[in-house]
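Enquirer: We have chain R already, so just place chain E with the ligands on it with the hints.
Chains as they are written, first to last, in the numbering used here: chain R, 328 to 652; chain E, 99 to 358.
Calculated from the structure, these hints are not laboratory results.
Hints are supplied without guarantee of correctness; some may be wrong.
What the hints assert, rightly or not - Below, simulated DSSO-like cross-link-like pairs (lysine-lysine); rule was C-alpha separation at most 30 Å, straight line:
1. E:356 / E:331
2. R:584 / E:206
3. E:356 / R:584
4. R:584 / R:341
5. E:345 / R:625
6. R:447 / E:356
7. R:610 / E:345
8. R:473 / E:206
9. E:346 / R:541
10. E:148 / E:290
To be verified - Covered by chain E, per the in silico footprint, the following chain R stretches (three or more residues, Cβ under 8 Å):
11. 357 to 370
12. 396 to 403
13. 469 to 481
14. 499 to 507
15. 608 to 621
Note that beta-carbon positions come from the ideal geometry of N, C-alpha and C, so glycine has one too.
Listed below, chain by chain, are the residues.
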Amino acid sequence: MILVFIETREGKVKKSSLETLGEAKRRAAELGLRVAAVIAGASVDCFDPDIYARGADAVFLLENPALAQYSAQGFAIALHALVVDLKPAAVFIAATEMGKDLAPRLAARLGVAVASDCTKVEVKDGRLLYTRPVYAGKAYLSIRLKATPQVATLRPNVFPLFSAPGAAGEVVKRAAAIPDDAVKGRVVEVVKGAAEELDVTEAAVIVSGGRGMKAPENFVLLKELAAAIPRAAVGASRSAVDSGWIGHEHQVGQTGKTVSPSLYMAFGISGAIQHLAGMSSSKVIVAVNKDPEAPIFKVADYGIVGDLFQVIPALKDELKKAFAE
Amino acid sequence: MNILVFVKRVPDTESRIRINPQTRSIVEEGINFIISPFDEYAVEEALRLKEAKGGSVTVVTVGPDEATATLKKGLAMGADEAVLIKDDLKETYDGLRVARIIAAFVAKKHPGADLLLFGKQSVGADNSQVPSMAAELLGWPQANVVTKLEIEGGQGVARREIEGATERVAFSLPAVVSAQKGLNEPRYETLKGIMAAKRKVIPVVTLAELGLTNDDVAPQVDVVAMELPAARKAGAIIPGLPEEAAKKLVELLRQDAKVI
Ligand SMILES: Cc1cc2nc3c(=O)[nH]c(=O)nc-3n(C[C@H](O)[C@H](O)[C@H](O)COP(=O)(O)OP(=O)(O)OC[C@H]3O[C@@H](n4cnc5c(N)ncnc54)[C@H](O)[C@@H]3O)c2cc1C
Ligand SMILES: Nc1ncnc2c1ncn2[C@@H]1O[C@H](COP(=O)(O)O)[C@@H](O)[C@H]1O
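So that you can see chain R by itself, here it is in the shape it has in the complex (with noise of 0.2 Å):
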């Protein structure tokens, strides 16, 4: 068996954890395992029976009212004590930012290793094998795990969802048991952003600011380009955050975050190291700069030379005509 964890937010199950179901689907078809799905909460009543179609052979409902609010040392104490019985070959998480808290917990508490934010699984001589880039991409690693479970974190927006319209299976509730001292940390709040802003890490475009932004107010712009496209989100460059003209998680690149959207677009970013390390890994990359010679330009699949205060609001009537058809 695969057990996939499924990060459930307001009750909404996250698109990232159901790539993740997909991708353990595809995998546990050529191993011959089954695939199960693991919920945690106080009381798990609902869930989104689409949850089948996605890949799931069986649901698990881990329920104990200290599941109310996320905390990394109750959830592994419940998840740990579900890998015991159930005994599954591997377990897989997607790596958000829940994924990337617990699932280093939960390997510790099972006593094995795990293969972080993966890019890639593949099934080589029956067993599993992962590829993963290292340091922010500029190098992509192969690797098995030696014990078991194996456990696997997986980036978000890189693996494509599975689909099987209609499919059904069973449901698990199960009571977790959690010591009432164990739990020592715990989520007490959540703090929306102001617009409820789509993550770059989740994007499946960004629109992406530099230096050449000039000032923060231009970051506007950004956000009205993004605005006209479905799932964009804005990012920026380590100098236009440090210079305050936007808020750090919007950094791209290897002190920030590393994305792989379909498209990504950089207006007035010179394409330093650093940044193209968290970036290259775009489907399509287009880059919008004054400067000819800018490095930026190397990796680019199209590129206009020119004044980005022209193109974007030129951009942003093209793709409103382009959407409105």
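Expert: Same frame as chain R, now just chain E with the ligands:
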């Protein structure tokens, strides 16, 4: 407060990475090594906590003799003590191994520590594993990717970043916290600090002293291959006035690349 900060020696982010296919590892020759950038935020936070509440700050690294330079950086910033846990294995990409060493070190040498500070991720291995794993092995709570930290009377509250939102995590001490950019602005070393760091004797702890056997620290990660990403080719520059170029670009993105 008794604070330990765990710092790692990593290749400079400026580095071009070259790979030795035989050893399936990076070529270290010609690479400049630095303290992992997120670890600097951890050191800074420790120093601020100490300035506010008293206590001591010890920087610790698991690595070869060369990692002493990383400890000196922490000392030059103002840490009181430094410890090298000597480990000659090259990068194994196995966070559990390092976490086991760190947990054994804390249990044996600093059982009274109040707070362990880490970077949210070591630049290079890019694992984001060691802090959570060390916390689990010690049975302590954790707050990762932290941009604000408040400690008061044995309790901590941290602001932590998640997708499109922030979480407040409340925890009791002792605890593990890992730093994200935004937590603070790391100070520069002072000349006085650098001179003092130079003179400082750095104790070395061996794995055997921590009661760790070879089995305990055998890597569980088997590196099968290490490769450079497929090089991207420079594409087409779209000519014309901004309006024309924008129109052409949207057309290409829709019809050729099919990404929008
Ligand atoms: C430890 C470390 C970690 C780092 N991590 C990161 C990271 O995670 N992410 C990151 O991005 N950087 C990172 N950097 C910084 C990196 O080295 C560069 O300094 C930074 O990426 C440069 O940002 P920029 O391209 O916006 O600015 P610049 O290099 O100044 O480039 C601005 C560009 O805008 C163009 N331009 C100006 N005006 C216009 C206009 N009107 N129209 C069109 N184009 C215009 C210019 O031609 C130029 O190419 C890191 C550095 C260090 C030392
Ligand atoms: N060899 C090491 N020595 C000391 N601290 C380390 C070491 N490796 C990782 N860490 C700490 O753990 C954090 C996260 O690292 P990682 O899990 O490798 O991404 C780093 O920022 C350091 O604070």
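Enquirer: Next pair to validate is residue 346 (chain E) with residue 541 (chain R); report whether the Cα-Cα distance is within 30 Å.
Expert: 26 Å, holds
Enquirer: Between the alpha carbons of residue 345 (chain E) and residue 625 (chain R), is the straight-line distance 30 Å or under?
Expert: 22 Å, holds
Enquirer: Holds or violated: residue 447 (chain R) with residue 356 (chain E), Cα cutoff 30 Å?
Expert: Satisfied, since the Cα-Cα distance of roughly 22 Å is no more than 30 Å.
Enquirer: Quick check: the segment 608 to 621 of chain R, covered by chain E? Criterion 3+ residues, Cβ under 8 Å.
Expert: holds (count 6)
Enquirer: If you look at each residue in the segment 396 to 403 of chain R, do at least three have a Cβ nearer than 8 Å to any Cβ of chain E?
Expert: holds (count 5)
Enquirer: What's the verdict on residue 610 (chain R) and residue 345 (chain E), does the C-alpha distance respect the 30 Å limit or exceed it?
Expert: Judged against 30 Å, a Cα distance of about 21 Å means the pair holds.
Enquirer: Quick one, are residue 148 (chain E) and residue 290 (chain E) close enough, alpha carbons at most 30 Å?
Expert: 19 Å, holds
Enquirer: Is the Cα-Cα distance between residue 584 (chain R) and residue 206 (chain E) 30 Å or less?
Expert: 36 Å, violated
Enquirer: Within the assertion that chain E covers the segment 499 to 507 of chain R, do at least three residues meet a Cβ-to-Cβ distance smaller than 8 Å?
Expert: violated (count 0)
Enquirer: Tell me if chain E covers the segment 469 to 481 of chain R under the three-residue, 8 Å CB rule, please?
Expert: holds (count 6)
Enquirer: Do at least three Cβ atoms from the segment 357 to 370 of chain R come closer than 8 Å to Cβ atoms of chain E?
Expert: violated (count 0)
Enquirer: Residue 584 (chain R) and residue 341 (chain R): Cα distance at most 30 Å?
Expert: 19 Å, holds
When each numbered hint is compared with the structure, violations occur for hints 2, 11 and 14.
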